[in-house]
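Participant: Here is what each chain is made of, one letter per residue.
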Amino acid sequence: MHNFDFVKPSSIADAVKAMGQDGAQALSGGQTLIPTMKQRLAAPSVLVSLTGIKEMQGVCMGEGGLHVGAATPHAIVAREAKSHYPALAALAGGIGDPAVRVRGTIGGSIANNDPAACYPSAVLGSGATVVTNKRKIAADDYFQGLFTTALEEGEIVIEVVFPIPEKAAYVKFNQPASRFALTGVFVAKFASGVRVAVTGASQNGVFRWTDAENALGRSFNAQMVSGLTVDASEMIGDLHGTPAYRANLVKVLTSRAVAAAG
Amino acid sequence: MTKVSMTVNGRAVSGDVEGRTLLSSFLREGLGLTGTHVGCDTSQCGACVVHVNGQPVKSCSVFAQDVAGAEVKTIEGMANADGSLSVIQQAFQDHHGLQCGFCTPGMVMSAAALLKENPKPSEQDVRHYLEGNICRCTGYHNIVKAVMAASGQDVSQIAAE
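Residue numbers (the numbering used here), protein chains in the order written: chain A, 1 to 262; chain B, 1 to 161.
Source of the hints: derived by calculation from the structure; they are not laboratory data.
No experiment lies behind these values; they were computed from the predicted model shown.
Worth double-checking, as some hints may not be accurate.
[Stated by the list, open to error] Part of the chain A face toward chain B, derived, beta carbon under 7 Å:
id, residue
1, D5
2, Q31
3, D97
4, R103
[To be verified] DSS-like mimics (lysine-lysine), calculated; alpha carbons at most 27 Å apart, straight line:
id, chain 1, residue 1, chain 2, residue 2
5, A, K136, A, K82
6, A, K54, B, K116
7, A, K82, B, K116
We put the CB at the ideal spot given by N, CA and C, even for glycine.
Using the sequences plus the hints, can you model the full thing?
Facilitator: Here you go:
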């Protein structure tokens, strides 16, 4: 990989300042970014590590629901969010493998917005708010397609605030070699309605399956999904599965997630 | 070059590194601790797992400077003080938990992390925890058996398959 200057600020203000340099790139857990840099698909001239910023670490209940610091590793979310938001904790505990979960963070995951990452489905499915150093962004506005988000140049995710649903579950169909989701579905039932977010399936990244949301809003029952159809035309097709296969997985996994949510 | 300091296997160490120097490179090339193996170099295979502040990480996917000041433990730090094999290492030998041995350092470090978190894991727990450690020789069965045995559980009923 190309060389770069490594900086590790201890405050958000210093991180924002460091991100103002030419060719600067934020580094969180690095479990995607470092392999990407080895392939020379990314070659920042300054790498700004966010793992030394205490105010971006940890999980706590607060205004608007569960606040998860952007630099909180998956293993911590899996352990500490369990009593507040079990579906989110379970999702975090199923990402990658144990060593990846020690390093990888929620902020890194949603800033990258890999179309097969788990976290974007929880953020979109919960209707969470992404808090940056500049503003608060609703999940519906944040995810803008494949590896694309509302983040501007130099903008850093500070925390994600999750409203706590009445019921929720995440079910993923593992791609066993990469341990990413071949397809994954996050279902959350709130008093105001149901949200269904799908990762791993669409060429446009994470998306809400509104037909299922409407049907499940009438009755939160796995049967409600059986009569629906999923349009395969924008689904990913690769050696692991055809678009039609993924479209079917969306339906099957949504049913399973509803059943798992209880 | 930047000077980086950390504690490796209980010893204070330091060395000059570039921004891009990985923890695995610092250990292997900087300190000569070549027990940590680099298999895939893409964070998939787990041969490079070491402990950083007591937790397992893939050392090929962490920059040395990002863990400055940390307590690092590698496979070289796993043996007992008198040089005899630790319980986990001995169990790998007793149960034939390795063939070529390339994945073994990572397997042992992951197994040690598992047993710290879950001292009496089920076979399922062991298989699940070792998901990020790939072995191309053994078919995993004897690795799982070794980890179960290292946890003090009776493995006589676990048949070789």
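Participant: May I ask you to test the interface hint for A/D97 with respect to chain B, counting a Cβ-Cβ separation under 7 Å as satisfied?
Facilitator: Holds - the Cβ of A/D97 comes within 7 Å of chain B, reaching about 3 Å at its closest.
Participant: Within 27 Å, alpha carbon to alpha carbon, are A/K54 and B/K116?
Facilitator: Measuring from Cα to Cα gives roughly 26 Å; hence the hint holds.
Participant: For the restraint on A/R103, tell me whether the closest CB of chain B is nearer than 7 Å.
Facilitator: 6 Å, holds
Participant: Holds or violated: is the Cβ of A/D5 closer than 7 Å to a Cβ in chain B?
Facilitator: 6 Å, holds
Participant: Between A/K82 and B/K116, does the CA-CA distance stay at or below 27 Å?
Facilitator: Given pair A/K82, B/K116 holds - Cα atoms ~20 Å apart, limit 27 Å.
Participant: Given the hinted pair A/K136 and A/K82, is their alpha-carbon gap at most 27 Å?
Facilitator: Answer holds: A/K136 to A/K82 is near 25 Å, not above 27 Å.
Participant: Verify the interface restraint on A/Q31: the C-beta must sit less than 7 Å from at least one C-beta of chain B.
Facilitator: Hint holds; A/Q31 Cβ to chain B Cβ min 6 Å, cut 7 Å.
The structure shown violates none of the earlier numbered hints.
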